[in-house]
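Take a look at the letters that make up each chain.
Number of protein chains: 2
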Amino acid sequence: MTLPPDLDIARSVTPKPVRDIAAGMGLDADLLRPYGDDVAKIDLAAIDRLADRPKAKYVVVTAITPTPLGEGKTTTAVGLGQAMAHIGKQATLSLRQPSMGPTFGIKGGAAGGGYSQVIPMELLNLHLTGDFHAVTAAHNLLAAMVDNHLHHGNELDLAIDDITWRRVLDVNDRALRNIVVGLGGKIDGVPRQTGFDITAASEVMALLALTTSAADLRERLGRIVVGYTRSGEPVTADQLQAAGSMAVILRDALSPNLLQTLEHTPVIVHTGPFGNIATGNSSVIGDLIGIRTGEYLITEAGFGADMGAERFFNIKCRTSGLVPDAAVVVATIRALKAHSGNYRIVAGKPLPDDLFAERPDDVEAGAANLRKQIENVQAHGITPVVAINAFPTDHPSEHEVVRRIAESMGVRAEVCTNVVDGGAGAKALAGAVVEACDEPSEFRFLYDTADSLKTKIEKVATRIYGAERVEYTGPASRQIASYEANGFGDLPVCIAKTHLSISGDPSLKGAPTGHTLQVREVRASVGAGFVYPICGTMSTMPGLSKQPAATRIGFDDDGRIVGLS
Amino acid sequence: MTLPPDLDIARSVTPKPVRDIAAGMGLDADLLRPYGDDVAKIDLAAIDRLADRPKAKYVVVTAITPTPLGEGKTTTAVGLGQAMAHIGKQATLSLRQPSMGPTFGIKGGAAGGGYSQVIPMELLNLHLTGDFHAVTAAHNLLAAMVDNHLHHGNELDLAIDDITWRRVLDVNDRALRNIVVGLGGKIDGVPRQTGFDITAASEVMALLALTTSAADLRERLGRIVVGYTRSGEPVTADQLQAAGSMAVILRDALSPNLLQTLEHTPVIVHTGPFGNIATGNSSVIGDLIGIRTGEYLITEAGFGADMGAERFFNIKCRTSGLVPDAAVVVATIRALKAHSGNYRIVAGKPLPDDLFAERPDDVEAGAANLRKQIENVQAHGITPVVAINAFPTDHPSEHEVVRRIAESMGVRAEVCTNVVDGGAGAKALAGAVVEACDEPSEFRFLYDTADSLKTKIEKVATRIYGAERVEYTGPASRQIASYEANGFGDLPVCIAKTHLSISGDPSLKGAPTGHTLQVREVRASVGAGFVYPICGTMSTMPGLSKQPAATRIGFDDDGRIVGLS
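These protein sequence lines map, in sequence, to chains G and P.
Each step along the first sequence adds one to the number in my numbering, with nothing skipped, and position 86 is 86.
Each step along the second sequence adds one to the number in my numbering, with nothing skipped, and position 508 is 508.
Quick caveat, the hints were computed from the structure, so don't treat them as lab data.
For glycine and all other residues, C-beta sits at the position ideal for the given N, C-alpha and C.
Among these hints, one or two may not hold up.
[Stated by the list, open to error] Footprint (simulated), chain G over chain P, 3 or more residues, beta carbon under 8 angstroms:
| hint | stretch |
| --- | --- |
| 1 | 121-133 |
| 2 | 171-180 |
| 3 | 184-191 |
| 4 | 413-420 |
| 5 | 553-559 |
Let the sequences and hints guide you as you build the complete structure.
What follows is the structure, given as structure tokens:
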């Protein structure tokens with residue numbers, strides 16, 4: 001069967017009034033700031049107001065190492081949220097806000113898919129309530145203050161070639177990656193090389209995702225390091241007197257947004273930090289509210305379990321103090337086959353035909369990746385459940401392989417058809433998740449923050465990535481030493497590496513071992529609160545293709561949006 | 001007496017629920033999209049829904065040529081709106097949205113002042129409902145599509161040194177005025193020089209202010225010219241297939257915002273185009289709705305009557321089809337004294353002490369400017385009323401001079417104390433405006449659009465600016481010839497010149513005559529729908545001072561915003 005386009009499905013359902021959704025979560029009406037009938041911001045006072053209510057079970061949806069196409073983590077999370085009602089349980093979802101830039105690039109949108117979507121998808125994929133724009137504005141005000149400081153005499157003695165704070169825009173625009181600013185005359189600033197990242201890559205976004213309160217937001221903003229003096233001392237947003245204004249600009253963005261699924265499951269949508277150089281997880285504040293609004297709080301972590309879930313456990317949960325109860329590891333047959341190394345999947349190109357043939361052996365070969373990602377969850381003391389995100393081209397024998405492998409590790413695996421069937425298609429998964437949550441959880445961090453930065457990196461690299469050892473370039477080692485000297489040594493680490501392999505090398509499929517993680521350079525998001533070693537090249541500003549989605553998005557003759565998906 | 005800070009006054013009044021404000025305007029609740037309790041967007045369907053209601057009298061608030069401090073046009077407009085209720089009349093205001101960039105620069109905000117303010121001022125001065133951000137996003141998507149076109153082979157043969165479309169951000173950031181993009185490797189775009197303007201200077205902003213419907217918006221976006229081919233043919237947003245997506249990004253921004261004054265007068269706030277290179281007037285759509293919501297619709301035009309009011313008459317009213325009934329010319333004693341040429345007022349410096357001495361002769365000398373600006377209103381067949389925006393340092397003898405001069409021209413002049421007294425302080429002005437509106441109006445345009453571009457420029461220069469003649473540089477003349485060859489010759493003209501003199505020379509005070517207007521270059525906002533000759537240097541991206549407002553804005557210990565004004 002062929003599904004109607006996502007946008008048509010999304011429009012076929014009339015959202016319930018958002019105040020009714022909130023009421024079902026136990027949120028008083030005075031805690032809502034409506035944006036139309038279908039979206040509202042939730043006041044942070046909700047955290048205190050709900051403090052006496054019981055805590056929900058806390059479930060993170062993660063995945064095997066994805067192909068460039070993604071394996072349907074969001075659709076599975078949404079489907080699971082919807083499915084809970086089918087088995088008599090009350091769930092809230094807590095998700096990231098999609099970035100608008102890629103909506104007009106390749107993707108055309110990111111709100112789940114088929115009958116597992118967040119609505120109104122047109123709002124979710126565009127401005128929503130303006131949080132991303134607020135991050136852009138706060139980030140760029142600080143950048144203007146940096147260049148203004150140079151222009152007015154540079155009292156703090158910022159080294160012009162050691163300014164780390166760039167600018168951001170929520171657009172795919174490769175021409176902005178590397179630029180020279182301050183050209184023109186003397187009144188037009190000081191010339192220097194810099195660039196723009198996409199807003200999702202802003203440290204302000206990462207910071208907003210990790211902050212716990214308005215006061216904490218203000219403090220973290222003040223701690224942002226924009227660059228270094230000529231003698232190597234960090235210069236902060238507080239020294240530039242910019243953090244107060246940044247906090248004011250972010251006042252509304254600090255409040256999470258409330259939307260719903262096609263089946264009216266409440267969805268808290270808040271922040272959208274990058275998944276490579278940042279945590280790739282939705283906000284702590286969203287979860288602090290969501291954890292008191294039902295029986296199950298389901299959130300999603302970006303990319304595979306080695307990436308988003310590892311940060312979920314070691315950075316996000318460490319900050320929030322919340323303890324997870326279970327993790328869903330999403331797998332697709334196509335990705336498992338790809339991990340056999342016998343297929344080549346390239347974004348923007350059609351899938352190879354033989355990927356659809358019945359090949360249980362290839363699934364078996366690729367399942368090393370699934371095994372390792374299951375272990376990566378278990379390494380944190382959390383019970384995993386495998387969700388097989390089923391495609392019409394899958395074969396029952398292939399599903400059986402996955403189920404058998406999971407069972408051999410004592411893990412339940414369930415086939416999900418929620419893209420086609422909505423919540424009903426994830427009932428078995430929901431049952432397995434409920435069961436997993438009832439098992440005793442022994443959540444543990446992978447490392448202590450008191451460990452040295454190199455120890456922390458090495459624990460993640462060896463225990464999660466399967467690396468034999470870590471190698472640092474000279475600059476990386478010097479950077480680590482300088483961060484430790486500057487007092488940033490007790491921050492957790494967020495290792496920026498490819499999401500297409502558990503290792504640092506995107507060509508290594510399956511579950512590679514014996515490899516060396518190469519740390520090219522190390523940066524710090526001191527305000528957000530983590531150090532990020534960079535392994536390989538990370539693009540923090542996407543480009544557009546020759547025929548981007550922007551050329552297809554528009555209005556039809558009835559004034560309805562077309563081209564979003 | 002000393003007034004409390006604007007922010008304290010603004011906070012001392014609890015806004016009425018915006019749905020009650022709307023109900024008082026005859027707007028059905030289903031036409032509102034609330035953003036919290038105090039702000040709502042008005043659906044464009046209101047235009048048709050209200051079509052059978054009587055039209056309000058239409059009043060534009062303009063001014064004499066201001067000093068760099070501004071002469072209180074917004075406070076007078078707000079005070080006049082509030083005053084109408086004091087004399088038993090029902091008024092709606094229609095105003096521009098302030099730009100957020102300058103809020104963190106010099107100004108600290110722009111929402112009127114004292115007891116004549118728009119509330120909630122914290123929302124007005126920050127993101128409001130995100131319209132400026134939407135303009136930024138739409139504008140920059142088109143810029144990304146331009147550079148993407150170059151990157152992917154430049155099929156349209158865009159001349160790399162003849163790309164006129166820059167980027168925009170709503171921030172004061174001089175370092176972005178002149179930049180080089182596309183540095184890095186081959187995958188990072190094509191290197192070229194360009195720059196950023198502030199969002200208020202975006203053609204998309206001007207276009208949004210002049211558009212009349214969603215369909216018209218889409219067409220105007222498509223007509224935007226981004227640059228020229230190597231053979232001199234214009235290249236449009238439609239050719240780049242970007243206009244559909246831009247329209248989608250602007251969907252919500254097309255709807256005006258509803259706020260209120262301290263005395264609960266309805267205020268439609270929509271768009272904020274620059275006053276030099278664009279119209280400096282609030283939106284046509286805001287006025288098309290507002291004109292059916294009461295007995296008086298009061299709007300404001302930027303800078304002096306030679307600038308914003310001239311564009312109000314010849315561009316905005318031409319587009320909207322609305323006919324004005326009266327114009328308020330705001331004057332201050334300090335500005336009239338400055339026009340005597342005996343004082344020097346510099347932005348950011350304290351006013352000279354002798355400006356406060358009783359000097360009716362200097363007021364008389366400077367009143368040449370008032371006379372000319374009154375004539376500039378009368379040249380369009382509209383009845384002017386003079387509003388003397390009173391300061392505590394004024395002397396009655398000085399007010400008397402203004403009143404006498406106005407009366408000698410058959411024009412009423414009234415002293416306004418609405419900053420201190422609220423609407424009650426502008427009752428006399430309101431009475432005079434009602435009287436002026438009851439006089440028969442013979443509104444006429446200054447030029448026909450069928451006139452040649454040079455004829456249009458010359459009509460404005462000689463009749464409004466008092467110029468003897470217009471001189472064009474070689475490039476300006478060639479640009480005009482090329483625009484006429486490309487079919488843009490029938491657009492109205494928006495002459496970009498200093499707002500500190502009626503002439504093109506900011507040092508010429510009073511009402512200079514015999515001067516020559518120097519047209520340095522000519523540009524076209526084809527999508528917005530006007531050609532703008534540039535006389536002198538126009539900054540389209542402000543900078544920050546050494547201690548900008550951003551260093552003082554923040555939260556106090558009770559979590560309340562401080563530093564906005």
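**Hints violated by the structure (numbers, ascending)** = 4
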